[in-house]
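Once you know that position 520 of the sequence shown is 519 in numbering that gives the first Met the number 0, the rest is easy, because the numbers rise by one and skip nothing.
Think of the hints as simulated: they come from the structure by calculation, not from any bench.
In this text the structure is predicted, and so the values were computed from the model without any measurement.
Just so you know, not all the hints are guaranteed correct.
[What the hints assert, rightly or not] Computed beta-carbon distance windows for the label pairs: (1) 504 to 326: 50 to 58 angstroms; (2) 332 to 143: 22 to 30 angstroms; (3) 494 to 308: 23 to 31 angstroms; (4) 287 to 244: 30 to 38 angstroms; (5) 153 to 326: 17 to 25 angstroms.
All C-beta atoms in this analysis are idealised placements derived from N, C-alpha and C, irrespective of residue type, glycine included.
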Amino acid sequence: MHSDRRAVHAARTKTYDLNGVSKLNERLERLQDPVKDRATSHVQRAIVAFLLVLGGLAFALHFLHLRADFPNHSPWVDWAKYTDEGWYGDAAIRHYLRGTWRLPGDFNPAVALPVWPLVEAGLFRFTGVGIVAARALTVCVFGCILCSSFFFLRLRAERRGDRPMRTVFAAAAVLVLAASPFVYVFTRLAILEPLLVLMMLLSLQAAYAMRLARLRWQRAAYAAGVGLLIALMIGTKTTAVFLLPAIAYMLADSAECRGRRMLRTGLITGGVVALLCGSYFLMLVHRGYLGDFRYLFSANAYTGITRSTFFKTVGETLTDGMWTGPLTYPLAGLMLVIACLRPRVWRDPVFTSLALWAAGYMIFMAYHANMQPRYYLVVAVPLVLLLLRGALHVAEWNPVAPLALVPLLLLVVGHEARQTVNFARHPDYTYQTAAVRIEHIIEAEPSHSHTVLSISGSNLSLMTGLPSICDDFGTMQLEDRIAAYQPGWFVAWNYVEDDKMQALSRFYTLTRVGEFPAMDDPDRNLMIVYRLDPKEGVKPRRKRPGAKLLPM
Numbered sequence: 000m001h002s003d004r005r006a007v008h009a010a011r012t013k014t015y016d017l018n019g020v021s022k023l024n025e026r027l028e029r030l031q032d033p034v035k036d037r038a039t040s041h042v043q044r045a046i047v048a049f050l051l052v053l054g055g056l057a058f059a060l061h062f063l064h065l066r067a068d069f070p071n072h073s074p075w076v077d078w079a080k081y082t083d084e085g086w087y088g089d090a091a092i093r094h095y096l097r098g099t100w101r102l103p104g105d106f107n108p109a110v111a112l113p114v115w116p117l118v119e120a121g122l123f124r125f126t127g128v129g130i131v132a133a134r135a136l137t138v139c140v141f142g143c144i145l146c147s148s149f150f151f152l153r154l155r156a157e158r159r160g161d162r163p164m165r166t167v168f169a170a171a172a173v174l175v176l177a178a179s180p181f182v183y184v185f186t187r188l189a190i191l192e193p194l195l196v197l198m199m200l201l202s203l204q205a206a207y208a209m210r211l212a213r214l215r216w217q218r219a220a221y222a223a224g225v226g227l228l229i230a231l232m233i234g235t236k237t238t239a240v241f242l243l244p245a246i247a248y249m250l251a252d253s254a255e256c257r258g259r260r261m262l263r264t265g266l267i268t269g270g271v272v273a274l275l276c277g278s279y280f281l282m283l284v285h286r287g288y289l290g291d292f293r294y295l296f297s298a299n300a301y302t303g304i305t306r307s308t309f310f311k312t313v314g315e316t317l318t319d320g321m322w323t324g325p326l327t328y329p330l331a332g333l334m335l336v337i338a339c340l341r342p343r344v345w346r347d348p349v350f351t352s353l354a355l356w357a358a359g360y361m362i363f364m365a366y367h368a369n370m371q372p373r374y375y376l377v378v379a380v381p382l383v384l385l386l387l388r389g390a391l392h393v394a395e396w397n398p399v400a401p402l403a404l405v406p407l408l409l410l411v412v413g414h415e416a417r418q419t420v421n422f423a424r425h426p427d428y429t430y431q432t433a434a435v436r437i438e439h440i441i442e443a444e445p446s447h448s449h450t451v452l453s454i455s456g457s458n459l460s461l462m463t464g465l466p467s468i469c470d471d472f473g474t475m476q477l478e479d480r481i482a483a484y485q486p487g488w489f490v491a492w493n494y495v496e497d498d499k500m501q502a503l504s505r506f507y508t509l510t511r512v513g514e515f516p517a518m519d520d521p522d523r524n525l526m527i528v529y530r531l532d533p534k535e536g537v538k539p540r541r542k543r544p545g546a547k548l549l550p551m
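Working from the sequences, and respecting the hints, build out all of it.
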């Protein structure tokens with residue numbers, strides 16, 4: 000009996016001892032964990048700071064040589080470098096140089112796409128009209144894209160405790176974007192795509208923020224803000240409608256896929272978009288600008304996918320994505336394959352919305368069947384972000400994965416930064432030089448009309464301040480446009496097309512006064528300047544009455 004009691008007492012004492020040891024070990028581990036966490040935190044902060052510093056240095060390269068040509072002999076043949084910077088900023092250029100933002104009968108894209116020229120007009124008020132100011136503005140927009148991308152990738156994924164790792168991968172995304180040569184060349188052009196990308200990022204972040212709102216009026220305010228951003232996106236580039244599925248998904252996810260909440264959100268967001276876009280359209284009709292609005296779409300309707308070209312067009316759309324990066328593009332595709340094998344990744348609204356963003360714009364490019372490299376800028380950014388977001392998930396599944404991702408990141412950044420630095424170190428100024436020489440020729444004859452007729456006329460106006468009209472696009476026929484604005488000079492690329500010669504020869508004698516090599520495209524590498532001397536006894540007159548013309 001006594002021996003049994005002693006055995007029970009000994010067993011209890013041993014249990015108490017073991018419990019005491021285990022509790023002591025737990026306390027020691029708790030004391031050690033903060034030390035480990037602090038050490039890990041310091042390392043992660045150092046990595047983030049290092050990546051952001053490198054990204055900042057790569058971003059600073061974008062401000063160098065802003066007058067330089069789009070890099071000659073690059074892999075990206077895009078005729079936007081000849082025309083688009085002037086076309087889509089023409090309203091702002093004309094406002095300050097001519098006192099009017101619209102020339103009746105000429106190409107007036109600002110009627111349908113007013114946001115970018117309004118932004119440029121605000122800048123030109125302080126800087127004056129110039130190519131450097133316009134391109135510096137675009138580079139600043141790209142800087143905002145980098146900041147927005149960083150904060151977007153820091154949004155929570157699956158676990159609440161992964162914020163330090165999210166920050167590391169967000170900083171890596173900033174570096175990859177800043178070092179990309181493809182992004183470098185197109186974010187230095189004063190075109191529409193960079194602003195569209197920025198507004199898309201802001202829209203997704205505003206839609207994500209709805210889940211953080213506790214009160215109904217706060218959710219309504221976020222939904223209205225998303226509607227405002229969507230309206231601005233459409234006013235920047237109408238192809239933004241192909242990005243709406245990504246925004247709609249983020250809104251639905253933030254509403255937790257609850258029917259009533261989704262309905263309220265959709266009504267508020269859609270109502271704001273309908274109100275703003277509808278009001279603007281009615282204003283266009285009231286002011287008589289509907290013809291310019293329609294013309295922009297008809298002028299871009301010359302290409303499109305057909306049943307016979309379906310598979311070829313889809314294949315080209317996918318393969319041309321290699322323009323965005325020979326390493327980043329296939330790696331992003333690999334991440335999509337991994338996500339299909341691990342469906343849990345699609346629960347991350349950031350990853351899914353990025354995939355919908357890229358897919359939506361790829362659908363537009365296939366539908367339009369005109370794969371211009373600049374269009375892929377709208378795809379390049381989400382694919383890089385998707386790549387790094389997918390890498391974050393891989394790192395969460397396998398703690399050893401970051402060790403394998405480091406050399407991969409070094410390979411990608413090293414490969415892309417080499418070409419970007421090469422572009423920055425070897426600028427060409429052939430286009431700017433030709434524009435200045437053309438300006439000198441025209442200014443040397445003050446008694447002759449200074450108005451230039453050219454497909455690149457708007458770019459010449461942006462670079463030199465010369466008045467211009469377009470020889471290719473416009474709501475008037477070319478002969479009527481010539482009769483209305485009576486240009487004094489004609490600038491052609493390489494040769495004079497038959498329709499241009501036919502329209503001009505009715506009123507003018509063309510005298511070739513100069514030619515200047517510019518850019519690298521074999522079809523457009525020589526700017527030829529003609530003085531337009533009116534024929535005796537022939538006075539240009541319009542065939543039919545039109546809108547009141549403004550003096551040039």
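Checked hints:
1. 504 to 326: 50 to 58 angstroms: Because 53 angstroms falls inside the window, the suggested range holds.
2. 332 to 143: 22 to 30 angstroms: holds (28 angstroms)
3. 494 to 308: 23 to 31 angstroms: The hinted range 23 to 31 angstroms holds for residue 494 and residue 308, with Cβ atoms some 30 angstroms apart.
4. 287 to 244: 30 to 38 angstroms: Distance hint for residue 287, residue 244 holds at roughly 35 angstroms.
5. 153 to 326: 17 to 25 angstroms: Given range 17 to 25 angstroms: holds, Cβ gap about 24 angstroms.
Hint compliance for this structure: no hint is broken.
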